[in-house]
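S.K.: Construct the complete structure from the given sequences, taking the supplied hints into account.
Number of protein chains: 2
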Amino acid sequence: MTPADAYAELARRAKEAQTLSSAASVLSWDQETYMPEAGAELRGEQLALLAGLVHQRRTDAKIGELLTLVESSSAAADPRAAADVREWRRLYDRAVKLPQRLVEELARVTSLAQVEWADARRESDWKRFAPWLEKIVALKKEEAQAIGGDGPAYDALLDEFEPGATSAALAPMFADLRAKLVPFLHRLLTAPRRPDPTILRRRYDVETQRHFARHAAEEIGFDFTRGRIDETTHPFCTGFSPNDVRLTTRYSPEFFNDGFFSVMHEAGHGLYEQGLDASRFGKPTGEAVSLGIHETQSRLWENLVGRSAAFWRRWFPRAQEAFPRTLSEVNADDFHFAINAVAPSFIRVDADEVTYNLHVMLRFEMEQALIGGDLKPAEVPGAWNVKMREYLQIAPPDDRRGCLQDVHWSAGLIGYFPTYTLGNLGAAQLFAAARSALGDLDGAFSAGEYRPLLEWLREQVHQHGMRYKPAELIHNATGRPLNADAFMASLESKFAPLYGL
Amino acid sequence: MTPADAYAELARRAKEAQTLSSAASVLSWDQETYMPEAGAELRGEQLALLAGLVHQRRTDAKIGELLTLVESSSAAADPRAAADVREWRRLYDRAVKLPQRLVEELARVTSLAQVEWADARRESDWKRFAPWLEKIVALKKEEAQAIGGDGPAYDALLDEFEPGATSAALAPMFADLRAKLVPFLHRLLTAPRRPDPTILRRRYDVETQRHFARHAAEEIGFDFTRGRIDETTHPFCTGFSPNDVRLTTRYSPEFFNDGFFSVMHEAGHGLYEQGLDASRFGKPTGEAVSLGIHETQSRLWENLVGRSAAFWRRWFPRAQEAFPRTLSEVNADDFHFAINAVAPSFIRVDADEVTYNLHVMLRFEMEQALIGGDLKPAEVPGAWNVKMREYLQIAPPDDRRGCLQDVHWSAGLIGYFPTYTLGNLGAAQLFAAARSALGDLDGAFSAGEYRPLLEWLREQVHQHGMRYKPAELIHNATGRPLNADAFMASLESKFAPLYGL
Numbered sequence: 004m005t006p007a008d009a010y011a012e013l014a015r016r017a018k019e020a021q022t023l024s025s026a027a028s029v030l031s032w033d034q035e036t037y038m039p040e041a042g043a044e045l046r047g048e049q050l051a052l053l054a055g056l057v058h059q060r061r062t063d064a065k066i067g068e069l070l071t072l073v074e075s076s077s078a079a080a081d082p083r084a085a086a087d088v089r090e091w092r093r094l095y096d097r098a099v100k101l102p103q104r105l106v107e108e109l110a111r112v113t114s115l116a117q118v119e120w121a122d123a124r125r126e127s128d129w130k131r132f133a134p135w136l137e138k139i140v141a142l143k144k145e146e147a148q149a150i151g152g153d154g155p156a157y158d159a160l161l162d163e164f165e166p167g168a169t170s171a172a173l174a175p176m177f178a179d180l181r182a183k184l185v186p187f188l189h190r191l192l193t194a195p196r197r198p199d200p201t202i203l204r205r206r207y208d209v210e211t212q213r214h215f216a217r218h219a220a221e222e223i224g225f226d227f228t229r230g231r232i233d234e235t236t237h238p239f240c241t242g243f244s245p246n247d248v249r250l251t252t253r254y255s256p257e258f259f260n261d262g263f264f265s266v267m268h269e270a271g272h273g274l275y276e277q278g279l280d281a282s283r284f285g286k287p288t289g290e291a292v293s294l295g296i297h298e299t300q301s302r303l304w305e306n307l308v309g310r311s312a313a314f315w316r317r318w319f320p321r322a323q324e325a326f327p328r329t330l331s332e333v334n335a336d337d338f339h340f341a342i343n344a345v346a347p348s349f350i351r352v353d354a355d356e357v358t359y360n361l362h363v364m365l366r367f368e369m370e371q372a373l374i375g376g377d378l379k380p381a382e383v384p385g386a387w388n389v390k391m392r393e394y395l396q397i398a399p400p401d402d403r404r405g406c407l408q409d410v411h412w413s414a415g416l417i418g419y420f421p422t423y424t425l426g427n428l429g430a431a432q433l434f435a436a437a438r439s440a441l442g443d444l445d446g447a448f449s450a451g452e453y454r455p456l457l458e459w460l461r462e463q464v465h466q467h468g469m470r471y472k473p474a475e476l477i478h479n480a481t482g483r484p485l486n487a488d489a490f491m492a493s494l495e496s497k498f499a500p501l502y503g504l
Numbered sequence: 004m005t006p007a008d009a010y011a012e013l014a015r016r017a018k019e020a021q022t023l024s025s026a027a028s029v030l031s032w033d034q035e036t037y038m039p040e041a042g043a044e045l046r047g048e049q050l051a052l053l054a055g056l057v058h059q060r061r062t063d064a065k066i067g068e069l070l071t072l073v074e075s076s077s078a079a080a081d082p083r084a085a086a087d088v089r090e091w092r093r094l095y096d097r098a099v100k101l102p103q104r105l106v107e108e109l110a111r112v113t114s115l116a117q118v119e120w121a122d123a124r125r126e127s128d129w130k131r132f133a134p135w136l137e138k139i140v141a142l143k144k145e146e147a148q149a150i151g152g153d154g155p156a157y158d159a160l161l162d163e164f165e166p167g168a169t170s171a172a173l174a175p176m177f178a179d180l181r182a183k184l185v186p187f188l189h190r191l192l193t194a195p196r197r198p199d200p201t202i203l204r205r206r207y208d209v210e211t212q213r214h215f216a217r218h219a220a221e222e223i224g225f226d227f228t229r230g231r232i233d234e235t236t237h238p239f240c241t242g243f244s245p246n247d248v249r250l251t252t253r254y255s256p257e258f259f260n261d262g263f264f265s266v267m268h269e270a271g272h273g274l275y276e277q278g279l280d281a282s283r284f285g286k287p288t289g290e291a292v293s294l295g296i297h298e299t300q301s302r303l304w305e306n307l308v309g310r311s312a313a314f315w316r317r318w319f320p321r322a323q324e325a326f327p328r329t330l331s332e333v334n335a336d337d338f339h340f341a342i343n344a345v346a347p348s349f350i351r352v353d354a355d356e357v358t359y360n361l362h363v364m365l366r367f368e369m370e371q372a373l374i375g376g377d378l379k380p381a382e383v384p385g386a387w388n389v390k391m392r393e394y395l396q397i398a399p400p401d402d403r404r405g406c407l408q409d410v411h412w413s414a415g416l417i418g419y420f421p422t423y424t425l426g427n428l429g430a431a432q433l434f435a436a437a438r439s440a441l442g443d444l445d446g447a448f449s450a451g452e453y454r455p456l457l458e459w460l461r462e463q464v465h466q467h468g469m470r471y472k473p474a475e476l477i478h479n480a481t482g483r484p485l486n487a488d489a490f491m492a493s494l495e496s497k498f499a500p501l502y503g504l
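Chains A and B supply the protein sequences, listed in that same order. The first sequence: position 487 = 490 (our numbering), numbered continuously. The second sequence: position 429 = 432 (our numbering), numbered continuously.
Calculated from the structure, these hints are not laboratory results. All values reported here derive from a predicted model rather than from experimental measurement. Heads up, a few of these hints could be off.
Each pair may be met inside one copy or between any two copies, as identical chains are not told apart.
What the hints assert, rightly or not - Here are the simulated DSBU-like cross-link-like pairs (lysine-lysine), alpha carbons at most 30 Å apart as the crow flies:
id: 1; residue 1: 100; residue 2: 18
id: 2; residue 1: 18; residue 2: 65
id: 3; residue 1: 138; residue 2: 18
id: 4; residue 1: 183; residue 2: 390
id: 5; residue 1: 144; residue 2: 472
id: 6; residue 1: 18; residue 2: 390
id: 7; residue 1: 144; residue 2: 390
id: 8; residue 1: 65; residue 2: 472
id: 9; residue 1: 18; residue 2: 497
id: 10; residue 1: 497; residue 2: 138
id: 11; residue 1: 472; residue 2: 100
id: 12; residue 1: 18; residue 2: 130
M.R.: Here is the structure:
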């Protein structure tokens, strides 16, 4: 077998594993969107079985042999093929460390736990969820131990979502950010001008919101012949392939932001998924590179486009037309200020651009403590509320608005939260680079032209898949390593004028 | 290994295969309900892969060994376990005859063909669909040949849907029925009284229809904590397990029957699925016994309950309340007569109880000719229209309302149609037996009490799964072999007074 044959065989196998894995994603999507509750037990079995089959395929010893064969060739291959091989190696080495039983057990437990979490959240009943988190933390510790590595157990989990990231590297970056954010937040909270966020908490007809948000997603480039929007407790985006990308959101009849900005956010993820190279399905260069990079795309479209003054020059008159009774007396500047209101709040996904990262830091620290064994699941509500006071000077009145708000832990996604902050920083840095490259984006947005920006992102980010490591991708696209400068500059330039600083 | 161990191992393997197969059913359901069109290609790959994995599991030589082991034991097992073994043997012997490649190819081709069919139907473009039918007929012939048997190739396909049925046995039964139906239809069409079906072709608000039909499905006993209703081009019911049963329907804003009676029909299927023994998931005694028996349940609830005068004594006032402008001037008797109007029509699923079986016979004969090689896919539209004139004295103005109306062929379901007529006859026979056993059902229906009937069906039909062969099940429940007598008697007793005969 030649190295080229071995590469082709690896690609065939990877495609098969990805086909199965994407089938499991359809089942997970259905579980969140439409499955009746009584279906949960079988769904858990189905997902466990599929996870096991995928894992079998990804850990087949034959893959190790094929990789060795391809790696032995010094022929300078196509750089994308070389990146495929590099990533297949990394994934294989990671996957073979995980016992099949653990993989299946995690799929089964998290499938059931998500249903329990949804009920617990509705009833604000942490005790109901705690035993599930107990199980999940135990399984994730087992996973971390199986994977090993030099750093703390937590890093083994983090690495799954953000290859190359470590808690040792994140901690100072987050500390630096916090040191800048806290005084910035203080300046805003004591500023001379104040927004009127009650504008957004009036009656917004849900059916009209659906059309309005869909229209916006369509205009920024989300292709509905290759995707759709449904409604779930917790918004998410899942791409089965670039040709079938599912967004979800939730609409509140009395809060505009909930639905609209969830759609903009998830559509940002969806644009990335739709921009991947469909012809490379199953190959790493056809897959999203990391969650942090994924989040650069969602936050860029949600905040840097969707909360910009330029965007609303076009969309505010449309909003007034869609919600005439609600918005006829409101002026565009007040609306724009309201959607950019900064205030400590309970719910991460509704948090403003300034406080959002403080929510993330809280979770990052709590997860490290859970995995490190310093915090027990039963102690989470207390610890949560203490940290909320420390970072945001408020504590939630119940666990529904506190430690039960996020789906992640019930889904086994421990080590995922820090990628949100990486995404926020990366989004600002990419957006600044796009502005340098493309010139006047404000004018384009006001005219409904989002295509130049989308094409720049396709070119710089989407089309590459995993060709470059996340840090390298950001460096290539922006000319600098990832840091908080562009993010802080972006906050300054938006919020200083709004708040009259 | 003891025979008991072998049985347990067979059950474990069957459960795994069924878990995978039910995962594929979720994907098929999504394909029909929510999948964006561009997702079709990957969906075909996913379904082909899963079909292959299921087939591998069902044809594993180890199953043959385990079956031989269990069969060697003369110990009088639990009769349900004995039935499981009998059916596993039948399914295994059938499955091992089908090459893996053929199974995967059928899954792939039919997944794509269903999307093509939906487009072809919309555009009434038979030429677009014909090449797909060509492929499917070739694959189904190959399947029939692989399975073999003494009868014509068609019987090998029929047997998959209705174990034990043969075209030689069905043909005279159908001929007898046709000999009775045609004069009966003539009597109605020349009767002194005539219904006013335009009552049903007024404006019926779709959102109100949704609530109305859902309420009816709920009241007859469909459990929405274990199921749901969505909307598709072609209504269907699919049960992933008794705890997750999905119905679909379609609503027409200007035709009441389309939505309402599709829901009653599919809910009948759904009640059967929900009534299977969930603790026997994967075992034949936990699965529906045949499509003919499945159809007895759907037709019973749709026609014998849902089109009865007693049902509408309760539901017509509700209909007037739901659609006040449409129905305020209509009286209950006229409405009941209208929903039972008999007239030759183009669309099978909208056909009345009298003409419905003529639609089935046409398809039955056409399928035999396609598989027998006497009819080419390109010739279907012509042959269809000729037969429509012969049986129903009308011919459709386009193929959308003719040979493109049904999803079955695009899904590879050749040999399926005759089970509809078996279902119609069986429904009437079961319903007559239920009336004998339970006494006054009309009084119960008028009072909204459907539980006694449902419980009788649970007892006589649902709980058994495949414990008895279809013919035996009907005989046990009704005291007689299946025949057309109860069906004709039911038509006579409903339609003679309505039509003033």
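S.K.: Are the hints correct? Go through all of them and say.
M.R.: Hint check:
no. : hint      : verdict
1   : 100 x 18  : both (21 Å within a copy, 28 Å between copies)
2   : 18 x 65   : both (15 Å within a copy, 29 Å between copies)
3   : 138 x 18  : between (32 Å within a copy, 25 Å between copies)
4   : 183 x 390 : within (18 Å within a copy, 81 Å between copies)
5   : 144 x 472 : within (26 Å within a copy, 52 Å between copies)
6   : 18 x 390  : neither (44 Å within a copy, 47 Å between copies)
7   : 144 x 390 : within (23 Å within a copy, 69 Å between copies)
8   : 65 x 472  : within (26 Å within a copy, 46 Å between copies)
9   : 18 x 497  : neither (44 Å within a copy, 58 Å between copies)
10  : 497 x 138 : neither (44 Å within a copy, 61 Å between copies)
11  : 472 x 100 : within (22 Å within a copy, 49 Å between copies)
12  : 18 x 130  : neither (42 Å within a copy, 33 Å between copies)
Figure legend: structure checked against the earlier numbered hints; hints not met, in rising order: 6, 9, 10 and 12.
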